[in-house]
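**Q** This is what each chain is made of:
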Amino acid sequence: MVRGEHAPYVQTMNEGSPLTQAVLPPDFADWFARQGWTPHPHQLALLEAQGDSLLIAPTGGGKTLAGFLPSLVELAEGWKGLHTLYVSPLKALTADIGRNLARPVADLNLPIRVEDRTGDTKTSARQRQRTDPPQVLLTTPESLALMLSYPEAPKIFGSLRRVVLDELHALAESKRGDQLMLGLARLRSLAPGLIATGLSATVEDPQALADFMGGAQVVHADPGPEPDIAMLPTTRPPPWAGAGGRYAVRDVLKAVSEARTTIFFINTRAQAELFFQALWAENDQNLPIGLHHGSLSREARARVEAAMAAGELRAVVATGSLDLGIDWGDVDLVIQVGAPKNVKRLVQRIGRANHRYNAPSRARMVPANRFEVIECIAALEAVRERDLDGDARGPGPLDVLCQHILLTACAGPFDADALYAEVRTAGPYRDLSRADFDDCLNFTATGGYALRAYDRWQRLMQRGGLWGLRDPRAARDLRMNVGTIVEAEMTKVRWKRGGGLLGEVEESFAATLVPGDTFLTGGQIVRYEALRELVVEVSPSPRKEPKIAVFSGVRMPMSAELSHRVLSLIGDPARWEVLPQPTRDWLSLQAEVSAVPRPGTLLAETFPHMGRWHLAVYGFAGHNAMQTLGLLLTRAMEEAGLGPLGFSSTDYALLVWSLDPVTDLAPLLDRDKLRAGLGDWLAGNAVMKRTFKNVAIISGLIHRNMPGGRRSGKQATFSTDILYDTLRRHDPEHLLMRITAAEAGRGLVDFGRIEEMLDRSPVLDHRQLDRVSPLAAPLMLEMGRVRIEGQGRMRLAEQEAEAMMQAAGLQLTDDPSGFDAPAPVVARPEPSRRRKARPAR
Amino acid sequence: MTGFAFTWHGLRLEARCSGALWWPEERWLVVADLHLGKSERMARRGGALLPPYEGLETLRRLEAEAEALDPAVIVSLGDGFDDDAAAEALEPQVAEHLARLEAAQEIRWIAGNHDPRAGGEETLRMGPVTLRHQPEGEGPDISGHFHPVVRLAGARRRALLIGPSHMILPAFGAYTGGLDAGSGAITRWVPHGIAVACLHKALPVPLRAA
Numbered sequence: 002m003v004r005g006e007h008a009p010y011v012q013t014m015n016e017g018s019p020l021t022q023a024v025l026p027p028d029f030a031d032w033f034a035r036q037g038w039t040p041h042p043h044q045l046a047l048l049e050a051q052g053d054s055l056l057i058a059p060t061g062g063g064k065t066l067a068g069f070l071p072s073l074v075e076l077a078e079g080w081k082g083l084h085t086l087y088v089s090p091l092k093a094l095t096a097d098i099g100r101n102l103a104r105p106v107a108d109l110n111l112p113i114r115v116e117d118r119t120g121d122t123k124t125s126a127r128q129r130q131r132t133d134p135p136q137v138l139l140t141t142p143e144s145l146a147l148m149l150s151y152p153e154a155p156k157i158f159g160s161l162r163r164v165v166l167d168e169l170h171a172l173a174e175s176k177r178g179d180q181l182m183l184g185l186a187r188l189r190s191l192a193p194g195l196i197a198t199g200l201s202a203t204v205e206d207p208q209a210l211a212d213f214m215g216g217a218q219v220v221h222a223d224p225g226p227e228p229d230i231a232m233l234p235t236t237r238p239p240p241w242a243g244a245g246g247r248y249a250v251r252d253v254l255k256a257v258s259e260a261r262t263t264i265f266f267i268n269t270r271a272q273a274e275l276f277f278q279a280l281w282a283e284n285d286q287n288l289p290i291g292l293h294h295g296s297l298s299r300e301a302r303a304r305v306e307a308a309m310a311a312g313e314l315r316a317v318v319a320t321g322s323l324d325l326g327i328d329w330g331d332v333d334l335v336i337q338v339g340a341p342k343n344v345k346r347l348v349q350r351i352g353r354a355n356h357r358y359n360a361p362s363r364a365r366m367v368p369a370n371r372f373e374v375i376e377c378i379a380a381l382e383a384v385r386e387r388d389l390d391g392d393a394r395g396p397g398p399l400d401v402l403c404q405h406i407l408l409t410a411c412a413g414p415f416d417a418d419a420l421y422a423e424v425r426t427a428g429p430y431r432d433l434s435r436a437d438f439d440d441c442l443n444f445t446a447t448g449g450y451a452l453r454a455y456d457r458w459q460r461l462m463q464r465g466g467l468w469g470l471r472d473p474r475a476a477r478d479l480r481m482n483v484g485t486i487v488e489a490e491m492t493k494v495r496w497k498r499g500g501g502l503l504g505e506v507e508e509s510f511a512a513t514l515v516p517g518d519t520f521l522t523g524g525q526i527v528r529y530e531a532l533r534e535l536v537v538e539v540s541p542s543p544r545k546e547p548k549i550a551v552f553s554g555v556r557m558p559m560s561a562e563l564s565h566r567v568l569s570l571i572g573d574p575a576r577w578e579v580l581p582q583p584t585r586d587w588l589s590l591q592a593e594v595s596a597v598p599r600p601g602t603l604l605a606e607t608f609p610h611m612g613r614w615h616l617a618v619y620g621f622a623g624h625n626a627m628q629t630l631g632l633l634l635t636r637a638m639e640e641a642g643l644g645p646l647g648f649s650s651t652d653y654a655l656l657v658w659s660l661d662p663v664t665d666l667a668p669l670l671d672r673d674k675l676r677a678g679l680g681d682w683l684a685g686n687a688v689m690k691r692t693f694k695n696v697a698i699i700s701g702l703i704h705r706n707m708p709g710g711r712r713s714g715k716q717a718t719f720s721t722d723i724l725y726d727t728l729r730r731h732d733p734e735h736l737l738m739r740i741t742a743a744e745a746g747r748g749l750v751d752f753g754r755i756e757e758m759l760d761r762s763p764v765l766d767h768r769q770l771d772r773v774s775p776l777a778a779p780l781m782l783e784m785g786r787v788r789i790e791g792q793g794r795m796r797l798a799e800q801e802a803e804a805m806m807q808a809a810g811l812q813l814t815d816d817p818s819g820f821d822a823p824a825p826v827v828a829r830p831e832p833s834r835r836r837k838a839r840p841a842r
Numbered sequence: 011m012t013g014f015a016f017t018w019h020g021l022r023l024e025a026r027c028s029g030a031l032w033w034p035e036e037r038w039l040v041v042a043d044l045h046l047g048k049s050e051r052m053a054r055r056g057g058a059l060l061p062p063y064e065g066l067e068t069l070r071r072l073e074a075e076a077e078a079l080d081p082a083v084i085v086s087l088g089d090g091f092d093d094d095a096a097a098e099a100l101e102p103q104v105a106e107h108l109a110r111l112e113a114a115q116e117i118r119w120i121a122g123n124h125d126p127r128a129g130g131e132e133t134l135r136m137g138p139v140t141l142r143h144q145p146e147g148e149g150p151d152i153s154g155h156f157h158p159v160v161r162l163a164g165a166r167r168r169a170l171l172i173g174p175s176h177m178i179l180p181a182f183g184a185y186t187g188g189l190d191a192g193s194g195a196i197t198r199w200v201p202h203g204i205a206v207a208c209l210h211k212a213l214p215v216p217l218r219a220a
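So the sequences go chain by chain: C and G. Okay, so the first sequence: first residue is 2 according to my numbering, each after it adds one. Okay, so the second sequence: first residue is 11 according to my numbering, each after it adds one.
All the pointers check out, no bait thrown in.
Covered, in the sense of this in silico footprint (three residues per stretch, anywhere, with C-beta under 8 Å from a C-beta of chain C), are these stretches of chain G:
(1) 50-57
(2) 62-74
Computed list of lysine-lysine pairs in DSBU-like fashion (alpha-carbon distance at most 35 Å, straight line):
(3) 211/G / 674/C
(4) 211/G / 497/C
(5) 211/G / 493/C
(6) 123/C / 493/C
(7) 123/C / 156/C
(8) 92/C / 81/C
(9) 81/C / 156/C
So the derived label-pair ranges between C-beta atoms look like this:
(10) 12/G / 677/C: 21 to 31 Å
(11) 676/C / 126/G: 47 to 57 Å
(12) 212/C / 126/G: 51 to 61 Å
(13) 753/C / 22/G: 50 to 60 Å
Honestly, the hints are just simulated from the structure, not real lab data. Glycine is no exception: its CB is placed at the ideal position from the N, C-alpha and C atoms.
Sequences and hints are given; from them, build the entire structure.
**A** Encoded structure:
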């Protein structure tokens with residue numbers, strides 16, 4: 002079947018076993034035999050299952066065939082209309098499955114058509130599918146939602162018997178899963194009695210995933226032998242800071258040359274680019290190595306996938322874009338570069354080295370710096386103890402429900418009671434209250450504002466007891482905005498002194514840049530110069546490492562479990578012997594210049610860096626708690642007049658930068674003072690606004706896509722921040738404000754966790770340093786920076802404005818009676834970078 | 011609130027950090043692009059149902075300026091309404107608020123491209139300077155229309171642009187986007203000069219030569 006699933010599994014089961022004969026029709030049994038295969042027990046178990054199932058199987062366990070086998074058997078007699086719907090998170094995966102299904106369909110002479118339906122499917126094919134659907138349709142959650150919004154949906158899906166949900170563990174991690182479950186609930190109404198089968202990699206709580214499907218029998222495949230996983234021995238120790246993993250390139254190339262095919266997993270696209278460059282620079286043997294990540298064009302990715310599938314590559318450097326997706330048959334080595342951040346994901350990645358189902362997966366880890374060594378060792382322990390981490394899923398988000406209601410209305414008028422009952426059959430919405438449902442319905446109909454301004458212009462109207470679109474033409478806009486993936490607005494990057502475009506960065510990232518910042522784009526390190534007409538202008542930078550490591554806002558937080566393991570390792574010098582010598586040296590150095598975090602003591606450091614004062618607080622309380630503390634502490638700093646400019650948080654530490662240093666931390670950590678910030682400051686912060694933007698888009702308040710092209714960042718648009726501020730002032734109880742608070746609340750913990758952190762660390766150890774400490778160095782490269790719009794930013798703006806005026810030779814006072822039309826400003830040198838003005842102590 | 015005082019073509023003026031322009035001599039308060047009724051217009055045309063509070067929010071800020079300065083006249087430099095129909099169909103609460111303001115001082119409406127009929131006059135004179143919605147010819151004139159913004163300290167800020175012969179006010183309305191002061195549509199009229207950015211105070215910065 003799918004590459005990698007042809008792994009001959011011929012262990013002990015004989016072809017003639019009673020089970021096989023009982024459930025597998027003779028021609029299918031023959032077909033298996035002709036391939037030299039024997040069915041896996043879990044494949045037969047799914048064939049026997051009468052109701053919904055969830056199969057938990059490692060990669061290479063014949064998972065996809067298991068999912069399709071019941072359909073193929075049922076389809077042997079032919080079928081009129083659509084029989085099986087297959088949903089996967091990736092378009093590429095549907096194409097791959099389509100190719101691989103072709104073989105049994107041809108061999109067994111099945112009288113059926115298998116087609117895919119994704120954003121890439123041609124319009125003519127889509128229209129044909131609406132009138133004459135194939136027996137097996139392969140699609141994505143978004144395309145399914147779109148198909149369900151057409152008036153023909155009852156006709157298309159009425160004959161449906163089976164739904165196969167692939168890579169369900171991945172879909173369940175985001176709102177795409179919630180949308181899919183709402184779609185499944187709709188399908189169950191349109192085709193009563195349909196059977197759903199979920200396919201998942203190893204997860205920490207299979208029952209929770211089964212509940213997510215609305216209840217299913219869990220089937221476990223044989224997990225296979227223990228993985229062979231260890232640190233990759235390197236000739237040179239990892240650097241103190243840095244994220245590239247370049248120090249290990251020679252050792253890594255040796256490992257590649259000894260393996261058949263290797264996948265490198267790297268946490269961010271920027272790091273993947275750097276590492277790929279470094280590999281090529283040292284690749285004396287000219288090993289064919291490819292690069293695969295989400296910022297590359299579709300064509301570039303397709304080329305790499307094709308080369309990989311054809312066995313032409315010895316290695317591919319990948320980010321999460323390959324976490325799921327195509328099975329690479331011959332991969333026998335996985336190398337994780339940089340700390341895995343999350344044990345579950347590590348285990349799933351290790352599963353990629355699945356050369357043979359019954360052979361252990363082989364994986365090696367290459368920490369990028371000395372702190373990551375500790376993370377890697379902690380993760381190794383967790384893997385050995387099969388201690389998978391994961392956060393419990395919250396209830397189904399209401400913004401997704403709003404979109405679902407609007408799309409349902411596009412298909413035709415609906416009865417509110419019936420839709421409410423149907424939505425409650427979706428796992429994530431099983432506890433949805435009628436009041437919440439009615440709020441969502443009211444929002445989609447009238448906007449749901451306290452000021453009832455739109456009664457004349459409702460989007461949905463009740464006619465004859467049924468809800469439908471007031472203006473059917475609105476369906477086009479709504480269909481163009483299907484989906485829950487909110488892609489960041491991108492800004493182009495070009496060379497300042499002529500030369501072409503370099504690439505794109507996220508607009509929100511561009512907004513945080515200050516002249517002189519260096520970052521990586523299109524494989525090069527560049528220096529930010531200016532933003533002109535919505536294009537970022539840059540100049541070449543001689544630096545080896547970018548100051549800002551990441552251009553993608555997607556951060557990969559370490560799980561709370563893993564951060565606790567890390568603290569217990571760092572805090573206990575007696576256990577340091579499991580660490581390699583360089584890491585021990587690094588911790589010893591930290592102890593020498595500052596201190597090592599220990600249980601019972603809250604370590605903090607103040608130091609100057611790049612013209613800003615920094616405060617690092619090592620709380621080890623998990624990312625959510627550190628982020629909340631960041632918001633509250635910056636408020637206290639704002640009140641103290643220290644001019645905080647922003648902060649970033651990791652699972653173990655918080656880093657705040659400001660115009661003035663924090664010299665006395667204890668009063669800032671005063672609980673009453675911190676608690677006082679919970680109200681207004683928290684509600685007005687950048688984290689909330691970021692969340693609101695996504696909620697506004699998904700719920701259909703604003704449209705991403707307009708007929709005739711994408712909205713541009715021009716005059717016509719204004720930021721959703723303005724909508725947020727307006728709602729906050731005039732209608733703070735509005736549904737979208739509640740959704741935003743609930744969602745951001747999941748990323749901002751309650752105050753109790755911060756009090757607990759302060760309680761368990763009664764001693765405050767605040768060090769004043771003259772430079773970055775060894776432990777703080779990795780923090781400087783963290784992503785997910787939160788801006789603080791306060792006095793500090795205002796002071797900065799004033800200084801910047803003054804410097805610009807001076808550089809232009811302009812002197813203005815508040816009463817410039819002699820000043821007439823401003824003198825022409827001629828080309829001038831860049832204003833000197835303000836950051837350098839502040840000397841390090 | 012700190013404004014930025016300057017003299018332009020013989021007029022002593024103050025750029026307010028609210029985005030308004032103050033002429034103390036005759037006590038005129040000049041604002042551009044209020045776009046009242048914008049959310050209603052979008053809903054009417056089948057678009058998004060945005061929070062319908064932008065009129066109240068815009069007038070709240072305008073009233074705050076009026077209270078601080080006690081103007082004799084408020085001038086709207088065009089696009090006071092998002093379209094002519096919006097001027098007719100203002101929310102009762104917004105209409106009430108507007109009536110209250112008009113009772114306190116005269117409001118003179120210049121026509122804009124969004125509200126060609128709801129606006130009253132094409133131009134007004136302010137000493138040697140013409141007030142109109144869009145800049146024209148040799149100037150000197152004061153206009154709006156472009157919703158200019160500049161970048162300062164890492165963010166886009168609304169800004170009043172002072173060029174040799176044209177001055178362009180930022181949009182005063184709550185739901186208004188911005189156009190970069192360096193874009194061609196604007197540099198054609200204000201090739202160089204000074205931008206007064208609207209922050210906690212009015213901050214002058216030089217505009218680069220194009």
